[in-house]
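Next come the chains, spelled out residue by residue.
There are 2 protein chains.
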Amino acid sequence: MKAKVMVLLVERKFGELRGLLIDMPAADIAALIAEFPNELLPILFRVLPKELAAETFVEMEPNIQQNLIEAFSDMELKAVFDQLFLDDTVDIIEEMPANVVNRILRNSSHSTRAAINEALQYPKDSAGSIMTIEYVDLKADMTVGQAFATIRRTALDKETIYTCYVVDNARKLIGVISAKTLMLADQDQLVGDLMETNVISGLTTDSKEDVVGQIRKYDFLALPIVDTEHRLVGIVTVDDAIDVITEEAERDFAIMAATSPLENSYFSTSVLTHTRKRIIWLFVLMISATFTGMIISHYEVAVAGLPILVSFIPMLMDTGGNSGSQTSTLVIRGLATSEIRPRDIFKVLFKELRVSALIGLALALVNSVRMFILYHGEEQILMLILTTGITLFFVVVLAKCLGCCLPILAKVLHLDPAIMSSPMLTTICDACAVSLFFWIATRLLHIPVM
Amino acid sequence: MKAKVMVLLVERKFGELRGLLIDMPAADIAALIAEFPNELLPILFRVLPKELAAETFVEMEPNIQQNLIEAFSDMELKAVFDQLFLDDTVDIIEEMPANVVNRILRNSSHSTRAAINEALQYPKDSAGSIMTIEYVDLKADMTVGQAFATIRRTALDKETIYTCYVVDNARKLIGVISAKTLMLADQDQLVGDLMETNVISGLTTDSKEDVVGQIRKYDFLALPIVDTEHRLVGIVTVDDAIDVITEEAERDFAIMAATSPLENSYFSTSVLTHTRKRIIWLFVLMISATFTGMIISHYEVAVAGLPILVSFIPMLMDTGGNSGSQTSTLVIRGLATSEIRPRDIFKVLFKELRVSALIGLALALVNSVRMFILYHGEEQILMLILTTGITLFFVVVLAKCLGCCLPILAKVLHLDPAIMSSPMLTTICDACAVSLFFWIATRLLHIPVM
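Just so you know, the sequences run in chain order R and D. Residue 422 in my numbering is what sits at position 422 of the first sequence, and the numbering runs on without skipping anything. Residue 19 in my numbering is what sits at position 19 of the second sequence, and the numbering runs on without skipping anything.
Bound conformation, chain R alone:
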């Protein structure tokens, strides 16, 4: 496909090229265009008919959008943005540098500019920032026939016509009615008699996770968003909900792997950006890990006296880290999906204490048998087994308690719970494991302390 497009481009057969692209879905065209060098993007893009061009534009990655905007004339810029739904415009604006934003705003109509500015005022990550204002609103005293007439007249500019919202004269949300209900009703029935009055809605200031959670829970195609006086101001549609779910999960995956989330795809992110996104956390964790090293240095004499001690350190560190991440991942995801709330901390802690006691006991037991078989000739073997076993048990319990408390603490402090995941937790658990191990060892085994 790429080769075919390239040939048509070089031969300047733009009519044929348009014919080829016009039947493709916008997402596929966007992916195809992304494979061409930057200088060819505007030519390719100009081949597309106006509406398809706008749809394709929305599907592109931010860096390609920016390249295109910079190549556009003001007229072209206006033509593309006039075709976009407002929520898409706002999404794009949020990713662009200030000079590009100014150019977009300068080329928008007065009313669009006002709407964009209003949308930009909602806090990032709030329902207000992801909602669209292009929805169908009906009145309770309309007949089904009148409702259909309204829908037909305005359908082209609306993001969804399948869920319609009923507002009173003060624009307060009083009901919701599906296109299905309307289609199954008689023409002269009243919307007010057919609508569902028990409406589930979100507030503009709700977090976008909460809004998306509602859509997922109730299998909605859209959720209405109201202001503090219960006036309808927008809707969040299911396709945007999917984007939020995907983004949030990918963001958590990234942060839990100690990287900053990428703005573009893996391949279109440069080596330098990849490096920049990953190196900061690695620095922080490397420096933190030297504390564990310092603790070991502190027991240098003990190490020299009984070097076999050191060989248990990796196992204790890894088991602590793994036990902790199991719990922290469950808690972080539980907080993200609102299954766990900060007030549940004692419930979670009690459960984790019991789980960790069982796991700690079992692991200590298996490890004791293993050590007895491997080292039964060594001097002080029983005390060595006891030292390792007690440390293992307490490290598992401590790691699971930290794995439960630290993410909840982060949430309470309005930090992202995901930063308290595996890498950070592992570093903390490492230091605890090593301290505990040497503390017990110097007490149970006959070795000099320093």
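Hints should not be assumed to be uniformly reliable.
Chain copies aren't distinguished; within one or between two, either way the pair holds.
Stated by the list, open to error - In silico DMTMM-like pairs for lysine to aspartate or glutamate, Cα to Cα no more than 25 Å straight-line:
id	residue 1	residue 2
1	Lys-139	Asp-82
2	Lys-78	Asp-157
3	Lys-351	Glu-35
4	Lys-217	Asp-125
5	Lys-180	Asp-141
6	Lys-4	Glu-339
7	Lys-217	Asp-243
8	Lys-277	Asp-210
9	Lys-50	Glu-11
10	Lys-158	Asp-219
11	Lys-351	Glu-339
12	Lys-217	Asp-157
13	Lys-217	Asp-239
14	Lys-139	Glu-94
15	Lys-4	Glu-247
16	Lys-180	Glu-51
17	Lys-217	Glu-248
18	Lys-50	Glu-76
19	Lys-124	Glu-263
20	Lys-50	Asp-91
21	Lys-13	Asp-243
22	Lys-351	Glu-250
23	Lys-411	Glu-247
Source of the hints: derived by calculation from the structure; they are not laboratory data.
Got chain R; can you put chain D on it based on the hints?
For chain D alone, kept in the frame of chain R given last:
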């Protein structure tokens, strides 16, 4: 709410209770019912009207569904399952033990049983296993008026009426038309003239991730699923897609944190089940980590001779593990969202090599400065710095290469790439880091080998 329901239950005011519940969404009723003890579940459930009862049943967790089924009479069981959409029935059956499945099948009509059995034959995780067969199909020679009549007649039994599928006489999928297009058209226009003929569809044997990827990419409300002869056999709707996206992400989160995914929610999973889900991986990883310990044991004489060596081990182990997980997480998620394909391995490897070289250099540099400041009085300090720096560089490069290759290798071998995430990778990187460190140390520093 719970207290109110409890009072009405105890006072046996079932009419009032029904009035209270009837206005609540099914998902909320399911959550409320889950808070009551097992023996009260059937009574609560019987209060609900038939259709709401079925909707509520679908929203419950598998363990509560099983409790209810076991309490149902055959007649009640039939009443509930008759109301369910087929794909929901299949989902429930897949979670139940064999005796419960048999009871459900015994109480289904002949045609339902045949359809269930067919659905159960699709491989787990295939598009066929999550699709529903309740869709609207139209013919190309119908007028819009006739199409509406068909939709109205069958709407109640269909999962979505907003996307309709056009099939020929051999049931081959030839077009798709939205309810919006139908609503905006004249009554006597032909479906064949209005429909979109460039239909994007999935195969029954496609993986469910692929199908869901299409829905996400094209913002569909439903994707049609065809057999190998392009006959329409079902659809996957956007609400099921959201469930798959959520489940897949949670599954990856769980596996990447070295636990088996939970079937029920965090709180409704017992301490014993939590323990069982987590302990196996901890055992495996604990035993693997002892290899790293054995490598250290092997260099016991070196450790005794220069104990300060040991204090660098945690930093090297952690940095290796963290660098590796950064890459493996990106690759695992890239594979899950099909952004990265196994054939991209060399592209990814080349990128990771450059990123890791940059990161390795930077970390080694910072670490050298840090060591020089902290330890500049120690003997052989320059060689010690060189040893640590070289090890650090190669550990980062190696960890990132493993983090890229191992998940892709797992994918090629039809294993879940997520098993090659942080915990497993950390254990492998640990052993490499320690071996490399002592190998270089015994060559650069004047210490005895064994």
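Structure-based check of all given hints:
Proximity of Lys-139 to Asp-82 under the C-alpha cut-off of 25 Å is found in neither arrangement, the shortest distances being 28 Å within a copy and 36 Å between copies. When the C-alpha separation of Lys-78 and Asp-157 is checked against a cutoff of 25 Å, the pair qualifies only within one copy, where the shortest distance is 17 Å, while the shortest distance between copies is 45 Å. Taking the closest pair of Cα atoms, Lys-351 and Glu-35 come within 25 Å of each other only across two copies (17 Å); inside a single copy the shortest separation is 51 Å, beyond that limit. For a Cα distance limit of 25 Å, the shortest separation of Lys-217 from Asp-125 qualifies both inside one copy, at 19 Å, and across copies, at 22 Å.
In the homo-oligomer, the alpha carbons of Lys-180 and Asp-141 lie at most 25 Å apart both inside one protomer (19 Å) and across protomers (23 Å), since each shortest distance falls under that limit. Taking the closest pair of Cα atoms, Lys-4 and Glu-339 come within 25 Å of each other only across two copies (23 Å); inside a single copy the shortest separation is 51 Å, beyond that limit. For the homomeric pair Lys-217 and Asp-243, the shortest alpha-carbon distances inside one copy (16 Å) and between copies (9 Å) are both at most 25 Å. With identical chains, the CA atoms of Lys-277 and Asp-210 are never at most 25 Å apart, being 28 Å at best within one copy and 29 Å at best between copies.
In this assembly of identical chains, Lys-50 and Glu-11 lie within 25 Å of each other by CA distance solely inside one copy; the values are 23 Å within and 66 Å between copies. Taking identical chains as interchangeable, the C-alpha atoms of Lys-158 and Asp-219 lie at most 25 Å apart whether they share a chain (20 Å) or sit on different chains (15 Å). Proximity of Lys-351 and Glu-339 under a CA criterion of 25 Å is satisfied intra-copy only: 15 Å inside one chain copy versus 38 Å between copies. Taking identical chains as interchangeable, the C-alpha atoms of Lys-217 and Asp-157 lie at most 25 Å apart only when they sit on different chains, with a minimum of 21 Å there against 28 Å within one chain.
Taking identical chains as interchangeable, the C-alpha atoms of Lys-217 and Asp-239 lie at most 25 Å apart whether they share a chain (15 Å) or sit on different chains (9 Å). Proximity of Lys-139 to Glu-94 under the C-alpha cut-off of 25 Å is found in neither arrangement, the shortest distances being 34 Å within a copy and 45 Å between copies. In this assembly of identical chains, the alpha carbons of Lys-4 and Glu-247 never lie at most 25 Å apart, being 34 Å within a copy and 39 Å across copies at closest. For a Cα distance limit of 25 Å, the shortest separation of Lys-180 from Glu-51 across copies, 17 Å, qualifies, whereas the shortest one inside one copy, 28 Å, does not.
When the C-alpha separation of Lys-217 and Glu-248 is checked against a cutoff of 25 Å, the pair qualifies both within a copy, at 17 Å, and between copies, at 17 Å. Taking the shortest Cα distances, Lys-50 and Glu-76 sit within 25 Å of each other inside one copy (10 Å), while across copies they are farther apart (57 Å). For the homomeric pair Lys-124 and Glu-263, the shortest alpha-carbon distance inside one copy (16 Å) is at most 25 Å, but the shortest distance between copies (34 Å) is not. Proximity of Lys-50 and Asp-91 under a CA criterion of 25 Å is satisfied intra-copy only: 20 Å inside one chain copy versus 44 Å between copies.
Taking CA atoms no more than 25 Å apart as the test, Lys-13 paired with Asp-243 passes in neither setting, with 36 Å inside one copy and 45 Å between copies. When the C-alpha separation of Lys-351 and Glu-250 is checked against a cutoff of 25 Å, the pair qualifies only between copies, where the shortest distance is 20 Å, while the shortest distance within a copy is 28 Å. Taking the closest pair of Cα atoms, Lys-411 and Glu-247 come within 25 Å of each other both inside a single copy (19 Å) and across two copies (23 Å).
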